[in-house]
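Chemist: The primary structure of each chain is shown beneath.
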Amino acid sequence: DTAVSQTPKYLVTQMGNDKSIKCEQNLGHDTMYWYKQDSKKFLKIMFSYNNKELIINETVPNRFSPKSPDKAHLNLHINSLELGDSAVYFCASSQSGGSFFGQGTRLTVV
Amino acid sequence: KQEVTQIPAALSVPEGENLVLNCSFTDSAIYNLQWFRQDPGKGLTSLLLIQSSQREQTSGRLNASLDKSSGRSTLYIAASQPGDSATYLCAVTPRGLTGGGNKLTFGTGTQLKVEL
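Read top to bottom, the protein sequences are chains A and B.
Number 57 in the numbering used here belongs to position 57 of the first sequence; there are no gaps in the numbering.
To convert, take the position in the second sequence, counting from 1, and add 110; that gives the numbering used here.
Think of the hints as simulated: they come from the structure by calculation, not from any bench.
Owing to the predicted nature of the structure, the values given are computational and were not obtained by experimental measurement.
For glycine and all other residues, C-beta sits at the position ideal for the given N, C-alpha and C.
Accuracy of the hints is not assured; some may be wrong.
[As the list claims (entries may be wrong)] With a straight-line cut-off of 25 Å between C-alpha atoms, the simulated DSS-like cross-links for lysine-lysine are:
(1) B/K223 / A/K19
(2) B/K152 / A/K40
(3) B/K111 / A/K41
(4) B/K111 / A/K44
(5) B/K152 / A/K22
(6) A/K41 / B/K223
[As the list claims (entries may be wrong)] Only some residues are given here: those of chain A computed to face chain B with a beta carbon under 8 Å:
(7) S39
(8) L43
(9) I45
(10) M46
(11) S48
(12) F64
(13) S86
(14) A87
(15) F90
(16) S94
(17) G98
(18) Q103
(19) G104
Input sequences plus hints: build the corresponding full structure.
Modeler: Next comes the structure, spelled out in structure tokens:
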């Protein structure tokens, strides 16, 4: 059973479009995250939700809007996509211990 | 602002060697430190988690140590194998994060290649 799953795995889209990435975890964790890995492979946190409430927003442009319908799901919606949004986006979850990551969504904006 | 650095950036070793990967962080007020591996095109796999009160953790051929006062952690891999080839990332969680959560600040990674 996949612990943290995100869809789609690959996403290619044109500039200006709006797209969503979905994430689900079956670990029963209270906290979920979105991280971005740039072209230099550096990983940086974007958002964190604890039990459906936003607790971390790392100065991400407001074109990015996370939504957590319940504590097992955290989706990421991106408006007006730009070339610089091309990256790998990782969903993760944690409880009192370590973090567990999904397989990533490779977003390419053309 | 927490900064995490990993040395070396890349490492190539013959199979069977024991090796050490280094991680340093600038702010010693951490809650825990976690080591991950990332295979090309794949997600992150958690290897070891060390709480701030612990000095080391072991799993199979892997041993991670933590010296919080000096801001350092090492990942020791014994008897390396070609299957160990991957990028290794360390990440720290700050102490005192309100509202729960395990916000990670990642290092720059060490790309390891183990050759036959």
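Chemist: Does each hint fit the structure? Answer for all of them.
Modeler: Hint check:
1. B/K223 / A/K19: Given pair B/K223, A/K19 is violated - Cα atoms ~36 Å apart, limit 25 Å.
2. B/K152 / A/K40: It holds: about 15 Å lies between the C-alpha atoms, which stays within 25 Å.
3. B/K111 / A/K41: The hint holds at about 20 Å.
4. B/K111 / A/K44: Holds. B/K111 to A/K44 sits at ~13 Å (cutoff 25 Å).
5. B/K152 / A/K22: 17 Å, holds
6. A/K41 / B/K223: Holds, at about 17 Å.
7. S39: Given a least distance of 13 Å, the restraint on A/S39 is violated.
8. L43: 4 Å, holds
9. I45: The hint holds - A/I45 has a Cβ within 8 Å of chain B, the shortest such distance being about 6 Å.
10. M46: 11 Å, violated
11. S48: A/S48 check passes; min Cβ-Cβ to chain B is 5 Å, inside 8 Å.
12. F64: Given a least distance of 17 Å, the restraint on A/F64 is violated.
13. S86: 15 Å, violated
14. A87: 14 Å, violated
15. F90: 6 Å, holds
16. S94: 4 Å, holds
17. G98: It holds, given that the least Cβ distance between A/G98 and chain B is near 4 Å, below 8 Å.
18. Q103: Interface hint status for A/Q103: holds (4 Å vs cutoff 8 Å).
19. G104: A/G104 check passes; min Cβ-Cβ to chain B is 5 Å, inside 8 Å.
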